[in-house]
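Q: Residue-level listing of the chains:
Protein chains: 2
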Amino acid sequence: MRLPKHIGIIPDGNRRWAQSKGMSKEMGYEKGINPGLCLFKLCEKVGIKEITYYGFTVDNTKRPREQRIAFTNACIDSVNVISKENASLLVVGNKESKMFPQELNYYTERKQFGTGGIKVNFLINYSWQWDLGQIMTGENMDTRDITNNIASRDVSRVDLVIRWGGRRRLSGFLPVQSAYADFYIIDDYWPDFKEEHFYEALKWYDKQDITLGG
Amino acid sequence: MRLPKHIGIIPDGNRRWAQSKGMSKEMGYEKGINPGLCLFKLCEKVGIKEITYYGFTVDNTKRPREQRIAFTNACIDSVNVISKENASLLVVGNKESKMFPQELNYYTERKQFGTGGIKVNFLINYSWQWDLGQIMTGENMDTRDITNNIASRDVSRVDLVIRWGGRRRLSGFLPVQSAYADFYIIDDYWPDFKEEHFYEALKWYDKQDITLGG
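Read top to bottom, the protein sequences are chains A and B. Numbering-wise (the working numbering), the first sequence opens with residue 1 and increments by one. Numbering-wise (the working numbering), the second sequence opens with residue 1 and increments by one.
The shape of chain A in the complex, shown without the other chains (with noise of 0.2 Å):
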């Protein structure tokens, strides 16, 4: 089976899921942080080498405060679950502002944990223009090369999108590594992953004649 080696995941669908329980919409974040630790470890099992979970972004922010406090905890979390995993551990987002978490600091540069194992970014209080935008600081002009210039150059190509919640978009993803990326969409709500996603979203990857383009 030929693998992605990079899978982009879009965690939609908390607040919706929340709502459908009859619960207020903040409350679904939290359910979704196991379901990033099991699709953690099925990507150990099956040797995916990179991983980057769509955490919460710059224009997030501006939901009611109880939806911001309850993503940014639930953020907060994954990134500590993971940290307990074999993972080389990087948090990619707008630390200059305020909405960035300061318990995440440590992870703006890539650390190590256990034996590596899996390279995990986190986007967290990210956005596209602020990723693009450093290109025009022009801090790293020693090439031609776009990828090189922006704020997330250590994260790689992303190879596979997935999307939970049903949106078929990327609402802002990495929009330089996912330019070639293949899109798969699934319409259960983030907090109702399974395994079964997982595997569906390979089996048809799989299947897909990838050409970068060509």
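Don't take every hint at face value.
Each pair may be met inside one copy or between any two copies, as identical chains are not told apart.
[Said to hold, decoys possible] Calculated lysine to any residue pairs in the SDA-like style (CA-CA distance at most 25 Å, straight line):
hint: 1; residue 1: K203; residue 2: F183
hint: 2; residue 1: K62; residue 2: T147
hint: 3; residue 1: K111; residue 2: I76
hint: 4; residue 1: K5; residue 2: F183
hint: 5; residue 1: K194; residue 2: R168
hint: 6; residue 1: K95; residue 2: T147
hint: 7; residue 1: K95; residue 2: M136
hint: 8; residue 1: K25; residue 2: T211
hint: 9; residue 1: K25; residue 2: K207
hint: 10; residue 1: K207; residue 2: G165
hint: 11; residue 1: K98; residue 2: V58
hint: 12; residue 1: K49; residue 2: N148
hint: 13; residue 1: K5; residue 2: R167
hint: 14; residue 1: K98; residue 2: L212
hint: 15; residue 1: K5; residue 2: G166
hint: 16; residue 1: K5; residue 2: R168
hint: 17; residue 1: K207; residue 2: R63
hint: 18; residue 1: K203; residue 2: G165
hint: 19; residue 1: K62; residue 2: G213
None of these hints come from the bench; they were simulated from the model.
Since chain A is already given, all that's left is putting chain B on it; use the hints.
A: Quick look at chain B alone, frame taken from chain A:
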């Protein structure tokens, strides 16, 4: 009905269509010209404000010579056909390269035909690296807004991307403008374009919850 303002068209499957008819691959491209005009007329009828056609890319020019000639000619014809309509036409692509057809030079600044009408953009010898690479030249560094600094800055945000030929990826199509776009995939090949494809895509788009990342 809530309509997309700007539709991106990825007219894929020309070669597979030709092969399915027992023809050689490059024969498929000229069968894509008429669908492009049909689609333009449908957009005009329902009131779409802007269309971007994915013509060919720098990546594509690495294909066998006979294919390159065939898709280049089909693109030239497609632009000329739309120039007979009420359209405000722009060709966006790397015109410094010898792969850029000289016949389309005239359109590399937006030109109005008839009453103007719909804004139509053709991506010709386009590449996302080239598009974003323009930021690094610093020629338009009058602002912190990267959308004003890319080569395709005269192309608006895309609301809906429709791709024919079954593949679920952007293949380098306007990464900045497509950051929030909804993706609709049609399994039929582009030469088998039907009006229903367009109407089904609009019906689907009308049901999407547009948040622009919020």
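Q: None of the hints should be skipped; say for each whether it holds.
A: To see whether the hints hold, each was checked on the structure:
no.: 1; hint: K203 / F183; result: both (13 Å within a copy, 21 Å between copies)
no.: 2; hint: K62 / T147; result: between (29 Å within a copy, 21 Å between copies)
no.: 3; hint: K111 / I76; result: within (15 Å within a copy, 52 Å between copies)
no.: 4; hint: K5 / F183; result: both (14 Å within a copy, 23 Å between copies)
no.: 5; hint: K194 / R168; result: both (19 Å within a copy, 22 Å between copies)
no.: 6; hint: K95 / T147; result: both (20 Å within a copy, 22 Å between copies)
no.: 7; hint: K95 / M136; result: both (18 Å within a copy, 23 Å between copies)
no.: 8; hint: K25 / T211; result: between (40 Å within a copy, 16 Å between copies)
no.: 9; hint: K25 / K207; result: between (37 Å within a copy, 21 Å between copies)
no.: 10; hint: K207 / G165; result: both (23 Å within a copy, 14 Å between copies)
no.: 11; hint: K98 / V58; result: within (11 Å within a copy, 41 Å between copies)
no.: 12; hint: K49 / N148; result: within (20 Å within a copy, 36 Å between copies)
no.: 13; hint: K5 / R167; result: both (24 Å within a copy, 19 Å between copies)
no.: 14; hint: K98 / L212; result: between (38 Å within a copy, 22 Å between copies)
no.: 15; hint: K5 / G166; result: both (24 Å within a copy, 22 Å between copies)
no.: 16; hint: K5 / R168; result: both (22 Å within a copy, 18 Å between copies)
no.: 17; hint: K207 / R63; result: between (39 Å within a copy, 22 Å between copies)
no.: 18; hint: K203 / G165; result: both (19 Å within a copy, 19 Å between copies)
no.: 19; hint: K62 / G213; result: between (36 Å within a copy, 10 Å between copies)
Consistency with the previously given hints is maintained throughout, with no hint failing.
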